[in-house]
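Colleague: Spelled out, the chains give:
Number of protein chains: 2
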Amino acid sequence: MNRIGFVGLGAMGLPMAINLVKKQFRVRGFDMRAEAMAALEAEGGTRAAHAADAARDAEALVLMVVNAAQAESVLFDAGALDAMAPGGSVVLMATCSPAAVEAVARRVEATGRSLVDAPVSGGVVGASGGTLTIMVGAEPAAFERSKAVLGALGDKVFHVGPKPGQGAAVKTVNQLLCGVHIAVAAEGLAFAEKAGIDPAIALKILGGSAASSWMLNNRGPRMLEDEPAVMSAVDIFVKDLGIVLDAGKAMKTAMPLAAAALQMFVSASAQGLGGQDDSQVVETYRSLAGLE
Amino acid sequence: MNRIGFVGLGAMGLPMAINLVKKQFRVRGFDMRAEAMAALEAEGGTRAAHAADAARDAEALVLMVVNAAQAESVLFDAGALDAMAPGGSVVLMATCSPAAVEAVARRVEATGRSLVDAPVSGGVVGASGGTLTIMVGAEPAAFERSKAVLGALGDKVFHVGPKPGQGAAVKTVNQLLCGVHIAVAAEGLAFAEKAGIDPAIALKILGGSAASSWMLNNRGPRMLEDEPAVMSAVDIFVKDLGIVLDAGKAMKTAMPLAAAALQMFVSASAQGLGGQDDSQVVETYRSLAGLE
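Chains as they are written, first to last, in the working numbering: chain A, 1 to 292; chain B, 293 to 584.
Keep in mind that a hint or two might mislead.
Said to hold, decoys possible - From the structure, some residues in chain B lie toward chain A, with a derived Cβ separation under 7 Å: (1) F483; (2) A494; (3) A503; (4) M547.
Said to hold, decoys possible - With beta-carbon atoms standing in for the labels, derived distance ranges: (5) A:M32 <-> B:D518: 51 to 61 Å; (6) A:G275 <-> B:P513: 22 to 32 Å; (7) A:A270 <-> B:G488: 29 to 39 Å; (8) A:A259 <-> B:E335: 47 to 57 Å; (9) A:P221 <-> B:G488: 55 to 65 Å; (10) A:G123 <-> B:D369: 27 to 37 Å; (11) B:E335 <-> A:A250: 51 to 61 Å; (12) A:G129 <-> B:G564: 44 to 54 Å; (13) B:K541 <-> A:R107: 45 to 55 Å; (14) B:K541 <-> A:A141: 55 to 65 Å; (15) A:G151 <-> B:K314: 47 to 57 Å; (16) B:G379 <-> A:A270: 46 to 56 Å; (17) A:Q263 <-> B:E333: 48 to 58 Å; (18) B:P513 <-> A:A270: 33 to 43 Å.
Quick caveat, the hints were computed from the structure, so don't treat them as lab data.
In this text the structure is predicted, and so the values were computed from the model without any measurement.
Each residue gets a CB set at the ideal place from its N, CA and C atoms; glycine is no exception.
One chain only, chain A, in its complex shape (with noise of 0.2 Å):
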């Protein structure tokens, strides 16, 4: 597996087509934003007229757009599944539905293509070091095909079950339990706040115990602030944590604190803060609070 095809060069998916150029890979790469694609060009990848173009006799082509939606007008209504070679493997590396990623595996699977299953986490830190935790669900021999293409994105590549939409289903949980963690977080400074602690007092208290968690730690800090910098949006959970639950549905399994995490995280959309750092989700819990 050589070509490969790249689609989505956005803050995760350009640090992560380079990182296939600099391992000797051949990537033509595709985005809406011409900028992107001269960034890819002059790190030695190549520029595509379109989707379909990118994909042209790709052994691999690899998905890094936003949703499942994107993923399936790419693969379906802008051509690039007919343009790659003949037993090539979609890499579908977007936060999705496990239901939804089923859905694309059937259609991809009919063209006797593989799909490998394969969402990450560890950010944009994470993209540009080669250093992503990449969950895959695939068969086992088009996982062994992908191996080389996965191993150039991150370090810890784990091999979930055979299943397309197992990868989607770990990385779901990993959206559960960041999502649960700040809202937690954040109801728990705007309790101490209301006691009169002082937050940053709680914090580090609360940070160096067994209360702690990584998100805790990450985003507590920037709770405090007044206007932190947004290193994630608070829409970004109201769209995972409404991943989470349609996940929940359709496999018949109930979530009543992913249920009750995304309202805190609707409200605060809600409020006029959809855009802002996802920590600000501690404004809501100010609110119900009656604080300010």
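Starting from the known structure of chain A, arrange chain B on it as the hints suggest.
Modeller: Below, chain B alone, put in the same frame as chain A:
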């Protein structure tokens, strides 16, 4: 402050009282169980005939009882408060609601003595090693007087505010985060199981990602065992998340995640698992998902 009364020589209290003895405090201890008092005596402490006897002429009376009701019973019904030295300090280290601590403080202060609200985290390991985290709500002068005693019990002593009840408020947040983190770990692992993912692989991936929490890594492995050792029981979180919600109500702070998580522990208790390890809240989620 050298003469210490100590009431409540349980799994936490006994090693704490022994740590005080080792630091050259004169400790007179009381517990309903004679063998606990014998263990203290063997380490150089003194056995009391009853709670008021433990408190007799004490400059500090440490209470490591089960809850606020027991603390009130010891202080006011059993006569321990009146037996103390004039101007002494009651050091209340049990997990109580902030409102209960405030009520106890008023009655203690009416006798000219001080209440040092000083709940702990760190479990039996921290109690034995003198490495507890201690969250102190107390007037600055009372805090200063109790520093030597608290420093013998914990190595992370934080003065979080000038009012008794504020230590309990931080402990409340601690229990909120711990309880929700356990419940959401169970919510995630049950979902993974339903999706046909090996929960051990899911745990390995999530425990090293932004989705991790101290509780995920501590309780998660026990969620995969059929009958894990009981480190802390389901019913402890029924109690502690109840305190969290009572505190939220008293302080007028809405706590939707605490409310949802409590229901999961209540349900686990309803299934007959109240005395089992709190990781077994995963059985509630497995039932909700129709597993087994």
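Colleague: For each hint given before, does the structure comply? Return the numbers of the non-compliant ones in rising order.
Modeller: 6, 9 and 10
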